[in-house]
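Those protein sequences? They're chains G and A, same order as listed.
Just so you know, we're using the working numbering here: the first sequence kicks off at 1096 and counts up by one.
Just so you know, we're using the working numbering here: the second sequence kicks off at 89 and counts up by one.
Derived by calculation from the structure, the hints in this document are not laboratory data.
The structure displayed is predicted, hence computed values, not measured ones.
C-beta atoms are modelled at their ideal positions from N, C-alpha and C, and glycine is treated no differently.
A hint or two may mislead.
[Unchecked claim] Okay, the calculated bits of chain G under chain A, using three or more residues with CB under 8 Å as the criterion:
id	stretch
1	1101-1112
2	1272-1279
3	1283-1292
4	1299-1309
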Amino acid sequence: MSGYTSDPRIRWQESLPWIIGIAAFFLLPEYLSLGARVLIYILFALSLDLILGYAGIITLGHSAFFGLGAYTAGVLSAKYGLTDPFLQLLAAAAAAALLGITTGAVILRTKALTLLMLTLAITSIVLEIANKATWLTGGADGLSGVKVDPILGLFKFDLFGKTAFIYCLIALFIGWLVVRRMIYSPFGAMLTGLRENTARMHAIGAPVYWRLVLVYTISATMAGVAGALLTQVNQFVGLNVLGLEPSGDLLVMLILGGVGRLYGAFVGPVVYLIAQDYLAKQYPEYWYFGIGVLLIVVVLFARGGILGIIDKWLQALSRQTSSAKASAR
Amino acid sequence: MAASALETDKLCKSFGALTVADRIDFRLEPGARHALIGPNGAGKTTFVNMLTGAIAPSSGRILLGGEDITKVNQAARVRRGLGRTFQVTTLFRSLPVLDNVALGIAERDGVARRMWKAASKHSEITDEAMQLLATLALTSDARTPVKDLPYGRQRLVEIAIALGLKPKVLLLDEPAAGVPSQDSGRILEVLAGLPGDIAILIIEHDMDLVFRFAQRITVLVQGQVLVEGRPDEIAADRRVRDVYLGEATHA
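All chains, please: the whole structure from these sequences, using the hints.
Now the structure itself:
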């Protein structure tokens, strides 16, 4: 996927997420709140896939942008009375973009482990700020009293999460459209070049550092929007959107689904959050154990994640059918 | 005197007490076919790395087409027309051959930052890349990931990428290194067919290739230019024979 040899037309399989999403809306009305959370995490994972899967930037700090977006929307609503949902998203996007470009400009001069530690440091710093600035963020108690106007003045956020689900589905659809376009474009091809070989990128005249800062900022912006969506849907924001844990969860989700495949960002959060929801109800104390086993299985037996396994099966299947056809002749 | 394609002026590089480039004055004429040779450790790689901007010289100047590029970074030098190939293949290994070439062309054309239209629909890029691959007889490999190609063909992709940048000056760092001898002829053919307006500096150990390809040769020994001249002059030079070619070698 992506690059100068790939066909950019949308395949029928790519409509599956949307069919499943709409079907879930009608068939699983009692799970719509969980559903909205899944959709938000898909958008968040999509933003990570852009930098990790395509551009090869390794990070444990992506929650900094998600969290900043979440707090921007929350604070503007609870403290400054800005209750328009789209203005909240816009402000969150702008704040995350600003943090993305400034931190990216500093840390993207480094690579590998140094970069990983710096990304982690940044989200830890933002977490600490949110924790200490209680007058603004509510600190460890979180920030309640977040109000969001009805969308377009028509659709109120309801208790069952109907509005929230459709709202997030539409937001995700737009995010997907943008990311998909991007990865099939020359820019997307260029990103895979950054991932594959930076020495070669220098030698073809690409300003590697600026390109990294650019894609990092785009990704940060998307993560900020995802964070703001979470605040709007929950009408609450707490410290759990920042720091290592949400970053690590996100990384696990993407690895589960498959890195650098676009739809790994869809499969991963679905599997992870549903497993978490189920396991947490069944085994409240040991649910992380189940997630751990899942991750070990995927990393040991399916390096391409769940989508990687499916790809292999489909290839084996098509080989079988073609050889069956050949022998039938 | 007309401007040279590439020139160095008393270029020096030392790492601590170790001097690896000592006041190198070097001149590459437009359209030249020039070879840089020298025994191991003569400082050839350091010299090339300074030319491309991978390392900064301790002192001295580098001029590209008469303009001082000493302080210009690597990528910007490429955009000004200084192309190179690597001694060890440096490719986008899991990407198809076409993408390896197209990424460079897109950078040259300023298309690499376009985010909306699909890459495969940018026919100005893909057509040019396919044409280039055709001239190197790589058409049938266009969709093959580079890592699945035999090494000799990977070396050709290396050259193809550099040519796609339409350089004015091309540095070929051991283009035939590691290529089995039956394939090195193909590389020589390609080198012989390169456009005459590109000034080429080749760093090569294969003396056969050097003497067939180059019109001028510079011999580097211990970070200094020992001698520069036509191939027959170099082959006849007693000092060169002593330090490098050995008594048995003849042109």
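Quick rundown of the hints versus the structure:
Coverage of a stretch by a chain is defined here by at least three residues with a beta carbon nearer than 8 Å to that chain's beta carbons; for the stretch 1101-1112 of chain G and chain A the count is 3, and the condition holds. Remark: the stretch 1272-1279 of chain G is confirmed as covered by chain A, as 3 of its residues place a Cβ nearer than 8 Å to a Cβ of that chain, reaching the required three. Three residues within the 8 Å Cβ limit are the bar, and the stretch 1283-1292 of chain G against chain A gives 7, so the coverage statement holds. Chain A is given as covering the stretch 1299-1309 of chain G, and this holds because 7 residues of the stretch bring a CB closer than 8 Å to a CB of that chain, at least three being needed.
Comparing the model with each numbered hint stated earlier shows that all of them hold.
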